[in-house]
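J.: Using the sequences and the accompanying hints, generate a full structural model.
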Amino acid sequence: MTFFLVVTLNGLTLAALYFLAASGFTLIFGLMRTVNMAHGALILLGGYVGYQIVDTTGIWTLGVLGGGLASAFAGGLVQAGILGRIQGDELRQTLASIAVSIVMADLMLWHWGGLTYQVELPEALAGGQFIPLLGIGYATIRILLILLAIVLGVLLWLLIAKTRLGAIIRAGVDDRTMLRALGFNVARIFVLVFALGGALAGMAGVVAASALSIAPGTDLQFLLSSLVVVIVGGMGSIGGAALGAILIGLAEQYGLAYAPTYGVVFSFAIMVLVLAVRPQGLMGRSEA
Amino acid sequence: MLNRTRKVGIAVGMALGLSVMPAAAAEVKIGVISILEGAFAALGQDGIRGAQLAVAETGGKVAGKDIKVITMSSDASPDSAVAAARKLIEQDGVDLIVGPLSGSEGLALRDLSKSFPGVTFLNGSSAAQDTTLRDSSQNFYRFGGDGAQWMVGVGSHAFNKLNYKRVAVVAEDYSFPYTQVLGFMTEFCAAGGKVPKKFWTPIGAKDYSSIVYAIPKDVDAVFVALGGADAVNFLTQYSQAGGDKPIIGGTITIDQSILDSKGPFKKLLIGAPAGTPTVGDYDGKEWKAFTASYKKQFPKGFSAPSIFAHHYYMSAKAALLALDEVKGDLSGNHKALRASLNKLQFVTPTGGTMRLDKNRNGIIDNFVTEVFQREDGTLGNRVLKVVRDVDQLLGQNETDFLKKGPVSRDNPSCP
Chain A
1 MTFFLVVTLN GLTLAALYFL AASGFTLIFG LMRTVNMAHG ALILLGGYVG
51 YQIVDTTGIW TLGVLGGGLA SAFAGGLVQA GILGRIQGDE LRQTLASIAV
101 SIVMADLMLW HWGGLTYQVE LPEALAGGQF IPLLGIGYAT IRILLILLAI
151 VLGVLLWLLI AKTRLGAIIR AGVDDRTMLR ALGFNVARIF VLVFALGGAL
201 AGMAGVVAAS ALSIAPGTDL QFLLSSLVVV IVGGMGSIGG AALGAILIGL
251 AEQYGLAYAP TYGVVFSFAI MVLVLAVRPQ GLMGRSEA
Chain B
1001 MLNRTRKVGI AVGMALGLSV MPAAAAEVKI GVISILEGAF AALGQDGIRG
1051 AQLAVAETGG KVAGKDIKVI TMSSDASPDS AVAAARKLIE QDGVDLIVGP
1101 LSGSEGLALR DLSKSFPGVT FLNGSSAAQD TTLRDSSQNF YRFGGDGAQW
1151 MVGVGSHAFN KLNYKRVAVV AEDYSFPYTQ VLGFMTEFCA AGGKVPKKFW
1201 TPIGAKDYSS IVYAIPKDVD AVFVALGGAD AVNFLTQYSQ AGGDKPIIGG
1251 TITIDQSILD SKGPFKKLLI GAPAGTPTVG DYDGKEWKAF TASYKKQFPK
1301 GFSAPSIFAH HYYMSAKAAL LALDEVKGDL SGNHKALRAS LNKLQFVTPT
1351 GGTMRLDKNR NGIIDNFVTE VFQREDGTLG NRVLKVVRDV DQLLGQNETD
1401 FLKKGPVSRD NPSCP
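In order, the protein sequences belong to chains A and B. Note that my numbering gives residue 148 to position 148 of the first sequence, counting from 1, and the numbers run on in steps of one. Convert by adding 1000 to the 1-based position in the second sequence; the result is the number in my numbering.
These are computed hints drawn from the structure, not numbers from a lab. Careful, some of the hints might be misleading.
[Stated by the list, open to error] If you want the footprint, here are the derived chain A segments under chain B, 3+ residues with CB under 8 Å: (1) 1 to 9; (2) 112 to 118; (3) 122 to 136.
Just so we're clear, the structure is a prediction, and the values are computed from it rather than from any experiment. Every residue, glycine too, gets a C-beta built ideally from N, C-alpha and C.
T.: As structure tokens, then:
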């Protein structure tokens, strides 16, 4: 029983990480209908930059912010320089973003090499916490992951539901042409949202590099998990990303614990089931 | 001027087309297959360096012919290795192939080699057992060991010297780790040790936390056969969860590239024993000469040749020695070359004598090592024991050894 609870807790903490990683992806898709295949590369870039900052300054929070900033900049640049020029042509955008992801991955391999990096955690987060209910020690960083995910989820909800930018994004999701007709500089808003999505990806990258590790190839793993999470949850919905992340995180951990060889099948089985029964995702709205 | 003459020579050769006998060609083409993309890219690159080093040491010529090296990348999957080999054979017309890097790729190229009797395959660093033991191919050579040979000495060291009686296994779920676990368990179980639980994890798994909690409390140590980022992730999560069992390392778990990786997990590794055919810090005189030659040729390479550079070097060197002996004669499906390879003997960078068994698998030197902290705080491996002349049957009788069946998740077993 204890083991089952521990695995459940593991699933939830992994879900928190998946949610952090997928939130930027789903945000960008929600507004622009851009399937940003360079999302994984933005996560990895944030992780590397965060590592460098923490390695130099020793301040973990600074690393998280710096990683987010670097990826925000890179994301904004990608939208302004490449994807924005072919706005509205979703297939070409997707292909172009794949190209960007490959170029970025190779540039990062060139600069940081093939070694595995891990961001050193501050003293207070490095150890484990004793959980009396389960009678085991549990890594502090993983508990922090859940808190981070909840805080981020609430902040994103506030941003989208309560702020002017949020209102613009929601309006854009419903009718981009109308938004443009009302006199909003859509191109600039797109760059801004892309940068915001990049910032989320970059920060998720630093957190992932602290809780797990980063190396060439991590970008594709997170891109895949983000894709699966938002397909299950519903493209463009923050709540959907949370739900999708919980389902996939739990499925992966139960799989790894009880049927390690076939663990990976569960995630995809959920995806297939969702696509068959509710193709727009659990919380997604169907296209009119 | 010389260059132009050669180009003209080649052009004439090409104009004459297929009527030119291969033996009369002015160059020998060697295709090298390694992993130059994704997580293994930096290590795969070092494999290429090993092959290039062997070529450079001959001055780029063998038996009066120029050596042309063509590299191709695979991505650790068997089909990518097959595609790379087909491209090298069918488009570039290579005579020999050196590679691949990873376990299951080797099995795939072994099978492919049966359909190309006119090409000689020399394994890079892939180390699955059945690449040469069962279903071996007449033109597939491995001048190196398999994953089981690389663990020789560790099982008995763990049982006798470190007093570990019960050990849990955490390893990736494919042919190479199966072979490594066999190498460890053969000795450990024979000495009286028990392995109550084995965990097979998918390659590239990020989150090992549930496995960490499932490791039985009553084991004395954990044998970890994971590579690259997988090893780093597992060890990190194990230490974060308060895991304190000593670690026994597989060959690539304790590779220098992992010891050089950044992160706090490394404290767990200090004192961990492992088995490997390649030790960067080994102080044998042949190894020192090899390292010096490597560093001179590749100032931007690693601080010492990795296991991949070492093995690609040995294969390329074997090919060049044999080519030299037969004066570059590749006629009759490399008949003379293969006869020469079969009985070839040469001194390896670790000081032993490399030679093949009847399945064309290398008889090798193996090391039992221990991780230690250098004075500057970095980690290195030091040699506890050298075991010479390790063969693929691990010193056992062939019939008995084969009767145990191919390695798998459940074979061997001693719970």
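J.: Give a verdict on every hint.
T.: For each hint, the structure was consulted:
Residue count for the segment 1 to 9 of chain A with a Cβ under 8 Å from a Cβ of chain B: 3. That meets the three needed, and the coverage hint holds. For the segment 112 to 118 of chain A, the stated coverage by chain B is satisfied: 6 residues place a CB nearer than 8 Å to a CB of that chain, which reaches the threshold of 3. With a threshold of 8 Å between beta carbons, the proposed coverage of the segment 122 to 136 of chain A by chain B holds, since 4 of its residues qualify and at least three are required.
Hint compliance for this structure: every hint is met.
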